Every structure is written in C-alpha cells, then in structure tokens.
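> Please model the complete structure; the sequences and the hints are all you need to start from.
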Amino acid sequence: MPLRVAIVKPDWRIRGGFELVVDRLVEHLTTHGHYVDMLTFDASHTDRRPFGVRVSATEWDRCPLFFGYLAQVEASRAVTAARADLVISTQPPSFVVDHPRHLSIFYHHIRPYYELSDVFIRSTMVDEHMHLATTSAVRQIDADAIGRVRHVMAGSETVAGRLRAYNDRTDRLSVFHAGPNSPPPVEIAPFGSGHHALCVSRHDFPKRTELFVHAAALAAGVQCESVGTGGRLGYLRRLAGEFALGGAPPSMTAEELWLAPHPYIDPDSVHVVSSNLRLAGAVSDDELGHLYRDAFCVVAPALLEDYGLTVIEAMSHGKPVIVCSDGGHLCHFVQHEVNGLVVEPTGPAIAAAMRLLDDDRVLAARLGEAARDTASTFTWQRALCEFDDALEMTMS
Amino acid sequence: MSDTVQLIEDLTDRALGRTDQTVLLSRSPSRAIVHDHLASAVANATVDEMPSPAGRTRFVKRIVLKLGGFSLTRQRAVNQATIGVVNALTGEIDHLSAELEQERRRSAAAMAASEVALLSSNRHNRGLVEQLTERLNTLSRDHERSQKQFAAELLRITSMQDEANHDLRSLVANTQGRLEDARSEAMADANKLRVTERRLALLKEQIGAIGAPTRPASSEAEVAAVDELADLRLPDLSEVYERFEAHFRPAGSALDQRFAGYVTDLEFLIGSNAPVVDVGTGRGDFLAVLVAAGIPCRGLDMNPEAVDSARARGLDVAVAEALQYLCEQPDDSIGAVTAIHVVEHLPPAVLLELIDEITRVLIPGGMVIFETPNSTNLAVGASSFYKDPTHHRPIHPEYLAFLLHDRGLVDIATRFLNPLPEFEQAIPSFAEPGFRGLELLLDDMRWALKGPQDYATLGRRPGSR
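In order, the protein sequence lines correspond to chains A and B. With the first sequence counted from 1, adding 67 to any position gets you our numbering. With the second sequence counted from 1, adding 4 to any position gets you our numbering.
Mixed in with the good hints, there may be bad ones.
To be verified - Listed next, the in silico SDA-like pairs over lysine to any residue satisfying Cα-Cα at most 25 Å (straight line):
{"hint": "1", "chain 1": "B", "residue 1": "K454", "chain 2": "A", "residue 2": "G100"}
{"hint": "2", "chain 1": "B", "residue 1": "K454", "chain 2": "A", "residue 2": "D333"}
{"hint": "3", "chain 1": "B", "residue 1": "K454", "chain 2": "A", "residue 2": "C398"}
{"hint": "4", "chain 1": "B", "residue 1": "K454", "chain 2": "A", "residue 2": "Q402"}
{"hint": "5", "chain 1": "B", "residue 1": "K454", "chain 2": "A", "residue 2": "R71"}
{"hint": "6", "chain 1": "B", "residue 1": "K454", "chain 2": "B", "residue 2": "L382"}
To be verified - So, partial list: chain B residues that the calculated Cβ filter (under 7 Å) puts toward chain A:
{"hint": "7", "residue": "V9"}
{"hint": "8", "residue": "I12"}
{"hint": "9", "residue": "L15"}
{"hint": "10", "residue": "T16"}
{"hint": "11", "residue": "G412"}
{"hint": "12", "residue": "I416"}
{"hint": "13", "residue": "T418"}
{"hint": "14", "residue": "E443"}
{"hint": "15", "residue": "L444"}
{"hint": "16", "residue": "P466"}
{"hint": "17", "residue": "S468"}
{"hint": "18", "residue": "R469"}
In short, the hints are calculated from the structure, not lab data. Computed from a prediction, not measured in an experiment: that's the story for all the values here. Glycine included, every Cβ here is placed at the ideal spot set by N, Cα and C.
Set out below in structure tokens:
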C-alpha cells in the first residue's frame, strides 16, 4: 500500500552528510511507490518572538542557541502534516511535530545541552548560570516531545543510549546504521602500505584536529595530511606554524590546545611554514580517494561522536584507524589492536600510535585487513532494511 | 540575569503548554492542642495509683481494682511508653523547627544583604534621577517654547486648510454634479443602444430571411461597454444576498453539528465577561449555537436584512462594519473573534488590519477563529468559490496561518473541514507496481475534487486566560 510520507526537515542551507542520508531514504521510499512530501522550514530564521514573547536583543544575545531553538520548536510545530499517512522527522527539533504515526530519525540532540554541556561550560564559551538554566529547559521540552513520538530510530547505539539516559526513551526505539556516502573502493592498496597519516575532519569545536596537529609536531618523522574546512582552520595553520618554528611542547593541556575559545583567524592570512604536516583544507572526492589509498593509518581525534561515517570510509580503504578513548561512537567501530588503536585524548598518545603503525607495518596490515572486514558490515542494504523495519513498527 | 532566567522558565512553560501552578502548603497541627492532650495523658498515666475509691460503692470498687490491678499496671506502662514517644516526636519537631528558623534567618540575612545592595544602588539612582530631573526641566522649557511656535504654525496651517477645504468642497460638489449628468447621459445612451440593438436584431432577421450574409457578433469592447453601462443600474445587493444565503446555506441541525467543534474551543469563555464577537454573523446561525452553549456572544453584520433576521431569533446582533467596530473596542476586552466565511470577502490589506485589531482587543489567551473556503481543493478554488459574487479572492491556508503568527498570535492550528461524502470512499488498490502512482494520483484527485470544502485557522493571543 503506497503511503503519503511527509518528511519534516529544518533547512540549514547546507548540504552535509545528513542531507545525503535523507536523499537516500527519499529515493528508497519513492522506489517503493510511496509519495514523499518534503516539509522544510528555514532553521536560520530568527523570529525574536518565540511563543508570542518578544525577546530583547540583549536577552537573545545571552543565550542565542536557546532562543533560536525555541523559534525552531515553534516553526516545527506549525508544519501541517495532517494529510500524511506517516511523518518522518529529522534533525532537532523537528521531532516536536505532532502526528499519530511519527517516525523520528534521531541522529543527535542539540549537543551543547546534552553530552557536550559540561565541555561547553569548561570552554568558557557560555555563561555557566545561563547554560544550566537553558540546558534544563531544552531537556524538558525534548523529553516531552520525544515521549510522544511513535517510533524513534537512533542513528547509532550511542545515540540510543543518550535517548535512554537523558530522555527516558526506552521502548519503540531501534538503531539505524547508515552506510558510507560513497560506494566502498573496489580496488585498494596492499594492507600495511602507505606513506602518511591522514586526518579527515571538519575543523570545528570539538572535533579536536588540534590534537592531530600536536601529534604531527611530536612525530617529526611521520608525514601527516589533514583534510577538511571549518572555522578553526586559520587557528590550526597558525598553531602548526608555531610548532614548526619553535617545536611542540611534549605536553599541552586540553584547555590550552582545543578547549579554550579562539578568535577566528582567516586561513588565507596565515603564512604556511613548511613541515611534516599539510593542512589541505577542502579537496575533491578523487583527491580524497588518493589520500586514503596512500595513507598507512587514519586518525579520528573527535570527542563524543554520535556516529562517524569518515571512520567507516577509512576502514573501507583497509586502513587502521586511531581514535581517542572519549570518542563516543568511534569506540564502537574501533577495537583496540583488532582493527585500529584506541588511545588517550592527547597529542603525545596519538603521536606514539602513529609512530607504532609507521614502524610496524605487519601490525598495520593486520589491523587494516580487520578494519576492511568491519567496514563491509556497514552497507546501505542493511541500513534500508533497518529503516523498513522502523517504518513497519511506526505503522503498526 | 535573573530576568533572563525567568524568561527562560516562562518560555519553557509556554513550550510545554504548562499553566500556572498552585502550591499547596501543608498546615501543621496546633502545638497548644498537642501540649494540652499530652498534659492530660501524663496526669492520667498512672492508672493503678489512683486515690482510694470513696462513696457507698467503695467496697465494690476496691474489689474490682484489686482483681484488675495487673491490667492497670500494664496500662500504666503502655501510657508511659506512648507519652515517651510523643515527647520524643515533639523534641524532633522542635529540632526541625529550630533548623527551619535558622534557615529562615539565613535567608533573611541574604535578603538583607540584597536590600543593602539595592539601597546602595538606589542612592546611585537618586543621583541619576536628580540629573535627569534637571535635564527634564530644561527640556520642558524648550518644549514649551516649541509648543508656542507650533501653536502659531498650527493656526496658520488650519486657516490654509480651511481655505483648501472650501475649495475642495466646491470642487467635489461641482464634480458630483458633472458625474450625475454623465451618469444620466450614459443611461440614456444605454437605452438608445438597446433600442438600436433591437432594431439591428430585427434587421438581421429580415436580412436572414432574404438570404443575405449576417453581421458578425459584437466585439468584446462593445460587450464590455454595454456591461459597464448596465452596472450603473445595478440594484443594491443586500436584499439579493440575503436570499442567496437562504438558498445555498440552509440553517438547521447540520449547521449545529458543524459548529460543535468551535463550541469546544470557546467553552473557556462560559461565565466570562469577555464575549465572543462573531464578525459577518449573517442570520446568526453560529451565534445561536453559542447562545445555546451558554457562551457570551455578540454578532456583527453590514447587511441590515440579515441583522433583522438574526434579531428576530432573539440574538444580540448589530449592524456594523467589523474593522470599525473593533477599532472602537478597548484593549483586552474580547474573549474571541470568530469570522465564518468572512475573510475571503476582504482585500489583503484590510485582512491584515483586521488581524491587528483583533490581536489588540483580545484578552490574553483569547482566540481568533477564521473559517474560509479551502483553496487547496480545486473544485472549490477554481469553481464553487466564485458562486458567491461578493467573494474577493481565495486565501491559502498556509498564508492565513503565517499571517496570524506574523501578527503575534500563537498556537496556530489549521483544521480542514467539510469534505464531501465521496471523500470517505476508499480508493481501489492497484496491485501492479506500475500502477501505484495511479493510486496516489487518485488520492490527490480525491482531495482536489471531493476533499475538505473549507478550512479553519485558529490562533490564540499569548498569555494565560
């Protein structure tokens, strides 16, 4: 029986990994004869009258994330999906949409109010008092809305755990394992080969590319490549330059390196100093494929990740991945000394792991082969079966 | 900062739809009563050591006391244990009271510290106030000077305006006279045209009878000119519209049922001083349903014939133009404004002004309900909408919802109403995969042709009722 499916999605005016996932699901639904209606609303819209209360500019600037979130809650609730047989909500707070057959594809919460709440306070990027008040408010609003959703499909076991812990969502909760954005390579380089360590990540808080930069400076003999763009690229280039000229201190605290807020630096204004680290910025898919093929390991230093598609991509190229012990779901993919290495979240620990894999290519080959096996279990075929199951449970 | 926290909490309550909470405080029993009962219990605890009985029956009483002495001894033990427990509990209560008192003192100290800070701030503010007062006095003096200049200027402008008004009145009177002349001439021309047309028709018949080619049909411009002239003689629509309504929208139980949903929405006004104002109330069908439900209400309509009909049913209805009526009402005075099939009669700018006035006059938590034809139903949007000659243009449900939100109303909801009976019929399922699209297309067509004929958009003024 074809269904009229409404997908509710905040429009952030960007096309990232999640948009690609939604495209796949839409294609899957239409292929199976369902009719899909995309209901979007401008998420960057800042109507300063959430729920009819005019918020002054001063108050708004005290906690812009919270007031913006409320405006999005109101916008999500205003979406009319009465004609749909089934509603699928996507990024927060689209799950506040009210519909008797509502499936939420839940990839993440508004993270500063959940698992990253403490990190944001420690970073001094937010006022502690305000942040605690808004955290409490957002969690109340979310718990109320998530409790009404017919079925929740979490983006990973880690996210499902957070739903249980923070929102008391225990039943009608399943997990969805998205496959890689691009098909896995048919031919790969021999296991254990390669001449550089690679890090693929956005340069935003708290992806912690700073740890990779620090590790590169400490492992002078290892060639390091970093791919990605983001607000901290300029800061990273300057940091890399300082390390290249003055040498990296063997131990730097997290607060000094990645936790403290840094003013924006235009990446093009930073003089690039020649060293063993290249911060490439954005690269084409072809170039990224070459960088994966020629890497002997891939480093993923991010904090408390929800999922980690780049790790699956790296593994599909047969590369061992180095992740940090506080990497969230990354630690579900990587088993220490089985298909990669799990290390302490510090520059020296990552540097030591890179040196180990560079020096011991037999170990790198063994871990890379196991990584390739791990990646082969994450396919879109499996993901779509999980999606179909969730659809059925929502309609039942 | 604390204001912002209060704002956060307030907005969270609104997002969660929470209303004011009442805190119930438990009341502790009077310590005096406890004390009296305890004293009495202590006095009577030693039941086996009572004074020797006296009187005529003292021998019998002594025997009974001797026989039951062992039980009285036990009773004494029970009494003393109970008193002990009560004493212990009283002590615990005293301890807790002392702690509470200490906490109260601590709070009082904190409050006092805040007051000190406030006083210091007040001192600073007083200085500011003095400065501001001085500045204000200077401004007042300047203002007085400006006012005198302004009055002189106003006098000059008023006299100029009087002259201009006089000229304008002469011009209007002159133009009106010329307009009347032109209208009379046009009507005379129209009559002549009709006579000519009749002659032409007769001629055509005669020419047709002798087999000659006929004259081509009148051009569009000619037809439009005739229509325009005919418009000059249009009668007043009010009376016709009254009959039109009676013909197409019969009253009765079906209407009562139709309005039942709104009655539930408006029940919160039962017993309230803030009435429902039903704009464009017509014969008062909706108003009658509200009256029956005990909801205070009043109707407005511009059509005197309709108002007469409604008044004949004992309803409170006034001949009034809605916008003007609402402009005359004080802020926060109306419980709800309803407009059933009204907004489609209004030009967009008037609709906007109407919503602004409604937002102003509604009490906090007051409602607005607009019902209008559903333009997403093609049969309505393309055809039946135009059955009513006074309709202006269809209004899309998303635009109406947007407008209410934009003008500051909250909890906006859209309800699709009154589908045709065929809408409920199931669409046959096509098993072949290639025909699934057809099934969806049929579903679309069902909505477009037989789906909801109308929709209602509801909104609420922020604040609690």
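> For each hint, tell me whether it holds in the structure or not.
Evaluated hints:
Straight-line distance between C-alpha atoms of K454 (chain B) and G100 (chain A) comes to about 23 Å, which keeps the hinted pair within the 25 Å bound. Restraint check for K454 (chain B) and D333 (chain A): not satisfied, since their Cα atoms lie roughly 59 Å apart, outside the 25 Å limit. Note on K454 (chain B) and C398 (chain A): the hinted pairing is violated, with a Cα-Cα distance of about 56 Å set against a maximum of 25 Å. Straight-line distance between C-alpha atoms of K454 (chain B) and Q402 (chain A) comes to about 60 Å, which puts the hinted pair past the 25 Å bound.
Proximity of K454 (chain B) to R71 (chain A) is assessed by CA-CA distance (about 18 Å); at most 25 Å being required, the pair is judged to hold. Note on K454 (chain B) and L382 (chain B): the hinted pairing holds, with a Cα-Cα distance of about 9 Å set against a maximum of 25 Å. Because the beta carbon of V9 (chain B) sits about 5 Å from the nearest beta carbon in chain A, less than 7 Å, this interface hint is met. Taking 7 Å as the C-beta contact cut-off toward chain A, the hint placing I12 (chain B) at the interface holds, the least distance being around 5 Å.
The interface hint given for L15 (chain B) holds, since its Cβ lies 6 Å from the closest Cβ of chain A, which is under the 7 Å cut-off. Because the smallest distance between the Cβ of T16 (chain B) and any Cβ of chain A comes to about 4 Å, under 7 Å, the interface hint for this residue holds. With 7 Å as the threshold, the beta carbon of G412 (chain B) comes within range of chain A, its nearest partner Cβ sitting at about 6 Å, so the hint holds. At its closest, the beta carbon of I416 (chain B) sits 6 Å from a beta carbon of chain A; the interface hint therefore holds under the 7 Å criterion.
At a threshold of 7 Å, the smallest CB-CB gap from T418 (chain B) to chain A is about 5 Å, leaving the interface hint in force. Against a cut-off of 7 Å between C-beta atoms, the interface hint on E443 (chain B) holds, since the closest Cβ of chain A lies about 6 Å away. Hint status for L444 (chain B) relative to chain A: holds, with the closest Cβ pair at about 5 Å, below 7 Å. Evaluation of the P466 (chain B) hint against chain A yields a held restraint, the C-beta minimum of about 3 Å falling below 7 Å.
With its C-beta approaching chain A no nearer than about 12 Å, S468 (chain B) sits outside the 7 Å limit, and its interface hint is violated. The beta carbon of R469 (chain B) comes no nearer than 14 Å to any beta carbon in chain A, farther than 7 Å, and the hint placing it at the interface is violated.
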